[in-house]
Amino acid sequence: MPASRLLSIQAWKGWLWSFVRLVLIAGLSFVILYPILQKIATAIKDKADLYSPIVIWIPEHVSLDNFRQVISIMDYWVTLGNTFTLSAMTTVLTAISCALAGYGFARLKFKGSNLLFAGVVLTILVPPTTILIPVYLNLKDFTLMGLVPLLTGKPVNLLNTYWPFVLTSMTASSLKAGLYIFIFRQFFRGIPKEVEEAAYIDGAGVGRTFTRIMLPNAVPSIVTVLLFSFVWQWNDSFYTTTYLTSSKVMSTQLASLPYNLAILLNDGQSSSADPFYLSMVQDTGILMAILPLIIIYIFVQRYFVESIERTGIVG
Amino acid sequence: MKSIPGFRLAPRTYTGKKALWGFVYVLPWLIGFIVFFFIPLLSSLRYSLSSITANSNGIIVHYIGFKNYVEALTVNTSFNRTLTESIVNMVVNVPLIVIFSLFLAVLLNQKFFGRTAARAIFFLPVILASGIIMNLESTSLVQAINDENSGAKAIHSLGSFELARMMLQAGVSEVIVDYLTGAVNRIYQIVSQSGVQILIFLAGIQTISPQLYEASKMEGATGYEAFWKITFPMVSPLILVNVIYTIIDSFSTNAMTDLIRETGFKTFNFGLSSAMAWLYFLAVAVILLISSVLISRKVFYQE
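Chain order of the listed sequences is G and C.
Here the first sequence is numbered in the numbering used here, starting from 1 and rising by one per residue.
Here the second sequence is numbered in the numbering used here, starting from 1 and rising by one per residue.
Reference listing, derived: stretches of chain C covered by chain G, where coverage requires no fewer than 3 residues with Cβ under 8 Å from a Cβ of chain G:
{"hint": "1", "stretch": "115-127"}
{"hint": "2", "stretch": "265-277"}
{"hint": "3", "stretch": "282-296"}
SDA-like cross-link-like pairs, simulated, lysine to any residue; straight-line CA separation at most 25 Å:
{"hint": "4", "chain 1": "C", "residue 1": "Lys17", "chain 2": "G", "residue 2": "Leu215"}
{"hint": "5", "chain 1": "C", "residue 1": "Lys17", "chain 2": "G", "residue 2": "Ala198"}
{"hint": "6", "chain 1": "G", "residue 1": "Lys193", "chain 2": "G", "residue 2": "Leu215"}
{"hint": "7", "chain 1": "C", "residue 1": "Lys17", "chain 2": "G", "residue 2": "Arg208"}
{"hint": "8", "chain 1": "C", "residue 1": "Lys17", "chain 2": "G", "residue 2": "Glu194"}
{"hint": "9", "chain 1": "G", "residue 1": "Lys248", "chain 2": "G", "residue 2": "Leu137"}
{"hint": "10", "chain 1": "C", "residue 1": "Lys111", "chain 2": "G", "residue 2": "Val31"}
{"hint": "11", "chain 1": "G", "residue 1": "Lys193", "chain 2": "C", "residue 2": "Ala203"}
{"hint": "12", "chain 1": "C", "residue 1": "Lys18", "chain 2": "G", "residue 2": "Ala118"}
{"hint": "13", "chain 1": "G", "residue 1": "Lys248", "chain 2": "G", "residue 2": "Met170"}
{"hint": "14", "chain 1": "C", "residue 1": "Lys266", "chain 2": "G", "residue 2": "Asn160"}
{"hint": "15", "chain 1": "C", "residue 1": "Lys111", "chain 2": "G", "residue 2": "Val20"}
{"hint": "16", "chain 1": "C", "residue 1": "Lys17", "chain 2": "G", "residue 2": "Ile96"}
{"hint": "17", "chain 1": "G", "residue 1": "Lys193", "chain 2": "C", "residue 2": "Lys18"}
{"hint": "18", "chain 1": "G", "residue 1": "Lys140", "chain 2": "G", "residue 2": "Lys248"}
{"hint": "19", "chain 1": "C", "residue 1": "Lys217", "chain 2": "G", "residue 2": "Ser18"}
{"hint": "20", "chain 1": "C", "residue 1": "Lys111", "chain 2": "G", "residue 2": "Trp15"}
{"hint": "21", "chain 1": "G", "residue 1": "Lys109", "chain 2": "G", "residue 2": "Arg189"}
{"hint": "22", "chain 1": "G", "residue 1": "Lys140", "chain 2": "C", "residue 2": "Val35"}
Facing chain G, according to a computed beta carbon distance under 10 Å, are these residues of chain C, among others:
{"hint": "23", "residue": "Val26"}
{"hint": "24", "residue": "Gly223"}
{"hint": "25", "residue": "Thr257"}
It is worth saying that the hints were derived from the structure and are not from the lab.
Source: prediction; values computed, not measured.
The beta carbon of each residue, even a glycine, is placed where N, CA and C say it ideally should be.
In isolation and in its complexed conformation, chain C is listed as follows (with noise of 0.2 Å):
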């Protein structure tokens, strides 16, 4: 460089080479970005719109318009029927899990006894509920077999008849009665999923400065009212970030990811699979913006 000063390609200022070598630290990223996500993008954008046939050569792509979406929505027939049950799963779950996580996290923010071996169980689903595990679970026959012997299922629903009955005489009303008994008996199902929502939950708690809380309770606020008061405005960004990663966790694997793979690898529809994936990922992408758009309105920034 020294002995030819005029070949010099950009300003050397600190900013200019922090640029340039922001581009170098990204540059593998990039490289993932555009072979592995944004090349294939378009193409099962263009196999969406297409009929693919293969033969020895390779793969003929065809365009044949909107038919592979009509197709999906008129013709297959499970489609649709998939589709509504993953949403109406995603809508009915999500709360849930945000909630009880929630919930969980302020818990396992206090301090009691035990707690280090609390917080340990409680990540374990983390790292065991996920993918073929879950899959593999759901049919166990032996699990079954093991909760009839031991009664467990009638001890189950017993519990939560009495309490639907206990509400319903209390005048809650049936939708909610339903959608709460019907978390009961799905407990596992949240639990094991809220995992990662109680670690981001709990970091968030964390952050909030104790200062506060003594402030608060030199006013003489009780715990409950420093809870509305305090940690709720304070962890309500989180509450946007755990939606959100909620819904695309739980669309990370479900029977509409089923049905779109059987649909490529079994009968070999490409073009029909690529256009469900796609009427799939605008549902998604419907439900993350409404229900961004629905909490960013009530959340609270400290800026």
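Bound conformation, chain G alone (with noise of 0.2 Å):
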């Protein structure tokens, strides 16, 4: 019988497709699951294990030193809190000034928006280092077009501060978020303006018809983009470094833990610093760094990964 033949073909191709597709994702969940897996296996051996070629992933001396030396030298719980804070400030309020900059391009256009729109574009285009060093002497001795020296006398020096973050992420020019501003424009154009209508037709003005129907709708938009800005600030290391260098946040706490570390062992009764047991205490630290993301992610990510696929990223 032909057909039943051809049936099973049909059959085994979809098996050893199957087969193929299991193998492909298989193996690259390893890929990258492979450093965290390893980190983990690292941070809870003990020095003896570091030398010994029998272990691999599972330690003959299972220990936490590892865990106590870095919560002490990088000033866990205080960083922790101090990254938390910065994140959770400059998420809320980038996502605040990006929705209402997305909601004004998308939905009312006035004479010069769509140059205005441009100039978002441009900030997404011009590499951050371009601007680096104009807006770091600007905020060293920051002015606001004149107005803080006529209060104070004096310009203020901001670095050091979270005035920066504030700043910028309240006016929409934080990291990536002409990239949010994106999201959100292209989210808003998707809802159907007859809801919009109806709503000014019932009475509810501008301000209200964005706070009661836009906003509840645009939830899966606001939710990638809390998740983006949260996470992208948190690991950020190129405007934490410049901005806060003396604040004890993760990224800069991460960079000079290596150093911090050496130095310790250095003065202290243990042996000259080994470059490996450094290593060793320092993928500790990136593991206890990218360990409060990680159990954010595993609770938010089936919302996030549903979500994401509808916010219209997709023009």
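Reconstruct the complex from the two isolated chains, following the hints.
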């Protein structure tokens, strides 16, 4: 019977494809998870296991020494609190200002708004490095176009405070803000105009339409922007190491961890700084730095993955 | 307003009101754009054309023309090399990342057991692969030791070696073989840089109406044909988006930005650093322009 033979070939092809797919996905998942698994394995190792050739994954002597070291050197709990405050603050402010701008560009067209939107695209395209030095000098002697000296008599130095982050995120010009405005704009453009007109006929002004109708509908894009903004701010080393050199936040502490550890070890009773041991503690440090993110991700990932598919990143 | 009707500034039509509110909504961004982007951009251009000396009163900017640019291009020992390396890296990686993420998006869109878990894992790099962590990771010694111990390196290179031999014997050009085996060896880098791109493609694939696939199936199209005739043209605008995103993402942190920062903040040569930044920006802009012109010719739009 040709029909059944064809059927069985089809079935075989299906099986084969499933198998190939399984191998591919499992393999790539392993590639992604490998560094994390490895960090966990390294973190719980004792120093003695580091040179043991028989220990690869599961340590012979389990110890939490690395964690203790990292917690004390990085001043972990304070750092965690600072980083969380900083990220949460910028995230909320960025989301608000970018949502406003995105809605403005999407629905409330005025003369020159297209030209201004070209400005948004420009902020995405220009590498942040290009404007880093003027912004840095600007923040070092912050005048706000001559306003601050009028009030206090001299420009203020905003470096090593949270103000640069507050000001840039309030004005939708923080890390990757152009991208968030773009996401919001695309999303709001996707909501039918009739909804808005119906709200207007029912007597809602622009502000009420925005808060009551548009925002509740925009939850997927809000989640996306919140998560991106939080995570990228958390991991950011570009702005943080420039503006916040002395404050204790995760990325600056991580960057100086090997150095701090070497100093500690050389002054203390233990051996001269062993590069492998340094690296081991550094791996533990990275693990501890991303651990909060992984925990958050485990809780929101389902929602995140579902919502991003409906965000309208896709024009 | 009622008591002084002649005092109305603008016609308060619905559109007029919306335009007014539009300006109000965009205003925070506009202030930020001017203060934290536009003025710095102009002063960066000015700095790049000047020599800058700092003293207790602030900085003194002295116009010197294109000297900084000349210095960056001819005198500075590392600028040319770093710039070419960054650009070559970009040119090599971008096509790989885009093709790879399209492939994975198609894969993750199919129904199979454990799809949610697989998606969660594949988007993990969006969270982890950025900034400081990537920098530190590339210098991890423990990882290197472990790789040696577990023999991962040997298997790794052996695998791509066999692959290379097989392809060379099959008559594939050597350049292509090198490119592909290089990709196999850099798989972690590629996977970890394609999280957002996979998301964008996945979202795009899910907006394609299922009727198209049903119709093609009725006509007897195979999955392969359905991909090239339906999925690929429908997501082709997103290929442009993803190429641009990948280029921008790859220049946000690399050796070039490090060099620019070091020139600025370690040696305090702000003029030279700004000149480098502008040269870098121009190079990137040219690449963006070329790639978007090339791709948008091929892109298919439904409208």
